[in-house]
Amino acid sequence: MSEAAKNTILSLENISISFSRDYKKDGKELTESKEILKNISLKLDEGEIVALMGGNGSGKTTLFNIISGLLEADSGNIVFKGKDITFWKAYQRAKAGIGRMFQDNHIFPNITVLENMFISSNSTFGETPFVSLFSRKKSISTERQREQKADEILFEIFAGQSGTLLEKRNSLAGELSYGEKRLLGLARIFMGDYRLVLLDEPSAGINEQLTNNILEMVKKISNKNITVFLIEHEKTFVLDVSDRVIYLKNGKITRNAAPAIVLSEIG
Amino acid sequence: MARRKGWCKLNYLLHIIIMINIYIILATSTNLLVGVTNLLSLGQAAFYGIGAYLAVYALMILNFPLIPTLIFVFLFTAVSSLIIAYPSLRLKGDYFVLATLGFQLIVYTVLYNWIAVTRGPYGISGISAPKVLATFAISGIIPFLILSTLLAGLTVYFFRHLIHSPFGRVLKGIRDDEISVLTLGRDVTKFKVWTFVVSSGFIGIAGFLYATYVSYIDPTSFNLDEAIFILTAVLIGGSGNIKGPVLGAVFVVVLPELLRFVGLPDSIAANLRQIIFGLILIILMRVRPWGLWGEMRIV
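If you're matching them up, the sequences are chains U and L in order. Residues in the first sequence are numbered from 1 upward in steps of one, following our numbering. Residues in the second sequence are numbered from 1 upward in steps of one, following our numbering.
If you're looking for bench data, these hints aren't it; they were derived computationally from the structure. This list has only true hints and no planted wrong ones.
Quick partial rundown of chain U residues pointing at chain L, CB under 7 Å, derived from the structure: (1) 68; (2) 100; (3) 127.
All C-beta atoms, glycine included, are put in the ideal place defined by N, C-alpha and C.
The shape of chain U in the complex, shown without the other chains:
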C-alpha cells in the first residue's frame, strides 16, 4: 500500500447527471429521465489508491467518464491539482495529467504494441504533418527516446517472464490475447505524465498470473506518487491494493472508508 495521504489531487463537488430518453406511448411523445449520479462529492489525495465499488448500473463508469471529460455532468464542479477543470475537454484533462484505462480494452488493434506505447507518450514532437518531414534529425531522435522509454517500461513490468509484451513489441496489438491487451492498456499509462489514473476493472476476465502482474503494476504506479482510482469487483484485489474504498449505490456514495470496513459491511 502507498504511504499516508498528502495533498488533494482531485476534488468532486456535487456532481449529478441524468440520462433521458424520448419514447411514444398511446400516440403521446413522452420523456423518461433517470438520475445516474446524485450529488457526488469526494476527494482523492496524492499517491492514494482508492477503489470504487458498487453494483451494476450504480454509476461507476459514468463517474469515470465525467472525470476524464467524456461526459459532461449536469451540475457540480471538478477541481484537479487546484484548477477547476469542469469545462475542460477530454484531451485537455489528459494533458493536465488524468490517465484512463478502459474496461473494454481501448487499445489500437492495427498498430504494433510499440506504436501503442508511442501514441501514449507525453512527448508529441512530430505530430504535425510537416514537422517530421523538415526536422528529421530531431524526429528520429525523439522516436528513439520513445522507443527506449517503452522498452524500459515493458522490461520493468515483465522482468524475468517469458512470452511477454516485450517480446511481442512488434506484433499488431489486435493479435494479442485479451489479458495481454489489458496489460498493454495499463502499460500505456506509464508512457504518459499522469498524476491521476482511472482504471476501470483492470483485473476483469484475466487469469491469476496476469492479475498478479496488474496488481504489481498498480502498486508501481502508486509508488511514483500517482493517485490511482480504480473500479474493481474482486474483493481480494481491493483488499490487497487499495487504501480506501468508496461504495456507490443507486448513484449515491453510501460508504467511504478503509477497505476492510467497507468490504465487511457490504458482505
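Based on the hints, put chain L in the right spot on chain U.
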C-alpha cells in the same frame, strides 16, 4: 505513315501515364482521409475542381509562373477545405459523409452557375501552359509527363512519409479508437482538420495538373461521379498504406482503356464501364474488403 502511327501510339501511352499520375495524386491524398483516418469523404472532386479553377486564375489572370502557381493552388485549396472541415468534423459516421456530399453538391452548383467567373457549363478553354522561369512553357506531352511524374512522385513520397510519421500514427489511432486518442491527450479535431487541409491541398495540385494538361475545364469534370470515381480508386486498390491507392489509380485509369480494345459498341461502353467498376467493388467488399493491395485490418 508507319512512323506517324507509332508516334500516335506512344502519345496515347504517355497520355495514359499522365492520367495515372493525376489519379495517383488524387487517390493517395484521399487515402489519408479515407484509409488512414477513416473519414469517408464524398467531397474530394470539389477540391479537385477548386484546384483546377484556382490554377486557371493563377495562370491566366495573375500570370504566375509554375512554382508560384503550385504554391497558390496548394495553399488556397487547403484553406478552402477549412470551410467544410470545421463544421463537418464535429459530425460522425454517416452524418459526416452526408456533410461532405452536401459540400460537393454546393461546389458543383457554384461552378456551374457562377458564369461570370467560371463560365459555367461553357467551361474555360485555352488554359495557358505554366511557365518555368517565365520563359519555358510546359506544353506538349513530354514536358507534362515529366511534370506530372515529378508531382506524383513528390506526393507519394510525402504521404508515405506522413503515414509512417508520428502524425500518421495518431491518425491510425483515430481510425481505430477515437475515444482512446482523446484520453491520451490528443486533440482529435485538430488532427482531422490537418488531415483535411493536407489532403485537399494535394488534390488541388491534381486539379492544377488536369486543367493545364487538358487546357479546358468545365464543372462536369468535378461532379459527384468524379468524387465516387476517386473513392473507387482508393477502395479497389486498397487503403491505409501507400501501395494500395497507387495500384487503384493505375487500375481505374487502365481498365477503361483496356475495355476499348474489347470492341464494345460506343452506345454501351461507358455504361458497361460503370457496371464493371460496380461489380468489382461488390466482389472486393465481399472477399477482400481491404482492397487489392491495402492494409488488412483487425476489427
